[in-house]
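Trainee: So you can see what is in the structure, the chains are spelled out below.
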Amino acid sequence: MKITRRDVLVWGAGATAGLVFTPVPWKLLSDISIWTQNWRWIPQPTHRPVDVKGSFCTLCPNGCGIRVRMAAGWPVGVAGVRSHPISRGALCPLGFAAHQLIWHPQRLRTVRHRRSTSSWDEAHVAFAKACTEGPVVIVDGYPGHAASSLFEAFAEKQRGSYRVVSGPEAQALTPYETWSGVPATALGYDLENVRTIVSFGAPLLDGWGTPGQFTRLWAERAAGAADPDLRLIQIEPSLSRTAARAWQRSAIHPGGETALAAGIARVLLEEQLVQARGPMPPLTLAQSAEQSGLSTDAIRDLARLIVGRPPVVAIASDDNPSIAALNVLLGAVGTRGGIVQKSKHAKSHLPAESELDSVRAVLIDSSVPWDFVPQTDAEVFRFAAWDGGSSKADWLLPAPGFLEELTDIPTAPTSAIETYAIASSLVKAPPGVQSAAQFLGRVDPDLTPVDKIIHTRCEALFRARAGTLCAQETTPVAMIPSVEKLEEQLQSGAVWMGEPQHPGGLRCKLSEWPQATRSECPPCNSLGTWRAPVLPPLASKLYQESSLREGPERRNP
Amino acid sequence: MNATRNTFVFGLGVAIALLAGWVIFPRALYVRQNQLLAFHHKTHAEKSGFTECGQCHALRDDGTFGGIPSSDTCTSCHSERMGASHDEAVLVDNYVKTGQEVPWLVYARQPANVWFSHAIHVQRAGLACAECHSTYGQSDEVRIYEQNRLSGYSRDIWGHSISRIRLGRHDGMKMDDCEDCHRRHHVQAGCLGCHQ
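Residue numbers (our numbering), protein chains in the order written: chain S, 1 to 557; chain B, 1 to 196.
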């Protein structure tokens with residue numbers, strides 16, 4: 001019998017049809033997917049006894065407490081710490097997966113000079129030469145850290161300038177600095193005691209401030225209740241996740257926050273709903289209604305609703321002065337459940353966003369988000385743990401990644417109480433990696449290194465004998481026998497928490513209603529102002545698109 | 001005539017595919033390996049008087065699982081040869097006297113991205129060891145270790161039926177099996193419960 005081409009095809013069709021009814025395709029699909037996860041060049045945690053170490057997340061300035069599971073000296077898991085006084089066990093999705101960032105494929109491992117491979121020696125020579133030729137600007141993303149002190153000292157010695165890139169939460173506090181004279185870095189929100197929050201686009205339930213703090217408060221005091229103890233009124237053009245979960249939501253025109261704040265303030269004053277007698281906003285109620293997209297009746301109802309359950313505080317998503325002025329009228333500044341002064345030692349810093357004239361070089365620390373572009377023609381030395389693609393940086397310098405560097409964690413920008421913690425270096429940084437502080441220390445060996453600055457800060461805490469140390473148990477600092485013991489506990493994951501300041505110490509003088517400087521800035525909402533933490537753009541993009549965090553492109557019409 | 005021939009050839013293709021898929025494929029997919037030493041659970045339990053799995057496979061003080069006992073544990077009885085078998089000679093000469101660990105092939109080893117706590121499942125939830133490990137601990141059978149050529153995992157993870165039709169609760173240790181058990185016990189572990 002002759003086998004024809006047709007026989008082969010029919011046999012093949014039969015075999016294919018038969019295979020569908022066997023486990024071959026499904027089992028191979030499963031096994032091949034696992035096989036791709038186990039290629040030998042993909043890092044795998046080793047099977048060793050697991051050790052758990054306490055530390056702090058350094059992906060953003062809030063420093064949530066973390067428990068790091070270590071196997072064979074490598075981190076294999078991250079979880080929250082319930083004893084942390086601010087985060088109380090909560091972490092953002094990025095924090096939970098942060099131990100994998102040290103293996104990120106875009107990890108920077110070599111010095112690059114204008115897209116060519118270079119060396120640390122050449123970078124040192126270039127930076128030292130720049131220092132001799134003109135002023136240098138150091139840009140920091142986490143002011144208040146031990147490295148920040150080193151940066152400030154270096155800038156001062158070089159007659160340069162120390163600048164700061166602040167997040168939107170910190171920027172929202174800047175108007176109060178103008179009116180009270182207290183630095184914005186010394187202010188915070190007393191969220192634990194507030195009962196009504198008017199959020200002008202701030203993503204409170206979506207990673208705002210210390211991730212998890214508000215989510216926890218919401219779960220404890222509001223979620224699922226028809227008339228919750230904690231009312232959240234979200235004013236936002238789009239139906240963000242925070243808006244969808246809020247107790248009340250007002251959909252306004254993009255950029256209408258300033259007008260609406262003025263309209264609410266006018267109703268509060270006209271109907272004497274507040275005790276404060278502040279300046280009357282120049283906008284009429286009709287103008288506010290037209291610009292915000294709400295009716296005049298809706299603005300009146302909103303104003304009455306806001307004052308219905310004090311203490312009340314308005315939270316802006318940026319430095320909108322009208323919303324800050326509304327807080328002054330509401331009596332939310334310097335009161336329990338409002339905006340409070342947490343520190344007497346904080347100082348204000350120059351922002352890095354302004355144009356940097358007559359500068360020879362700019363050094364950008366790895367804590368500065370990748371999307372920050374200095375407004376200058378000077379030579380830029382950019383430290384980063386990950387390569388974020390195109391950047392206005394002449395020098396790209398590989399910095400230590402997550403858990404690879406000893407650093408301290410000062411008070412979170414939105415916190416109402418002072419805290420201090422130390423994130424130890426749990427993982428050895430790969431060869432060829434240097435932090436900006438180490439780099440400057442080599443340029444100027446007289447600078448005090450970071451570990452000594454941290455030790456000095458611990459000594460100051462010990463000498464002050466104030467506050468408590470929060471670990472599994474809470475211990476007053478006065479009960480700790482030595483500074484070495486204090487530092488050891490801090491390095492093991494304990495948090496120092498200061499005494500609460502008296503809220504009445506903060507006073508704002510508002511002689512006239514602030515000019516509407518931001519009405520031309522649509523849309524001033526959470527999606528427009530949200531900034532990814534210190535991550536490469538690709539990771540930030542994946543983070544946004546993976547539904548972990550809404551990005552502008554996901555905005556509802 | 002042509003239709004009959006085509007049907008026959010098509011059926012032949014189907015039959016060969018079914019034979020290959022259900023009989024040849026599972027044998028080709030797994031590498032069969034013998035344990036280095038023939039360890040008999042039942043014999044050891046009878047001679048030592050141990051009645052609980054945890055007496056050898058103990059939890060450490062910090063709650064982590066000790067896994068397979070170390071060579072030190074064997075030393076208490078096998079410091080010298082207790083018989084004339086080849087395995088006994090290998091155990092005593094190569095491992096007990098040198099202090100090296102026996103490279104046991106672990107049937108239930110999970111992938112590195114799984115965090116499984118024996119303490120939570122055994123002590124808190126009160127699950128019996130046999131729920132996951134069957135009654136292997138009561139037998140004198142030395143099982144063949146079958147390793148998947150592609151994934152590198154033990155066959156116990158997928159389960160012994162290539163079709164994933166489970167023969168018992170202990171058959172299979174994939175995520176579906178964990179979820180199934182959690183569902184039956186009304187436990188919500190979430191992603192991070194196991195993938196920390």
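For the record, the hints were derived by calculation from the structure and aren't laboratory data. Just so it is clear, CB atoms sit at the ideal spot from N, CA and C, and this is done for glycine as well. Please note that a few of the clues may not be correct.
Claimed, not checked - Quick partial rundown of chain B residues pointing at chain S, CB under 7 angstroms, derived from the structure:
1. 13
2. 18
3. 22
4. 45
5. 116
6. 151
7. 187
8. 189
Trainee: Evaluate each hint against the coordinates.
Mentor: Hint by hint, here is what the structure shows:
no., hint, in the structure
1, 13, "2 angstroms, holds"
2, 18, "5 angstroms, holds"
3, 22, "6 angstroms, holds"
4, 45, "27 angstroms, violated"
5, 116, "11 angstroms, violated"
6, 151, "4 angstroms, holds"
7, 187, "18 angstroms, violated"
8, 189, "13 angstroms, violated"
The structure shown violates the earlier hints numbered 4, 5, 7 and 8.
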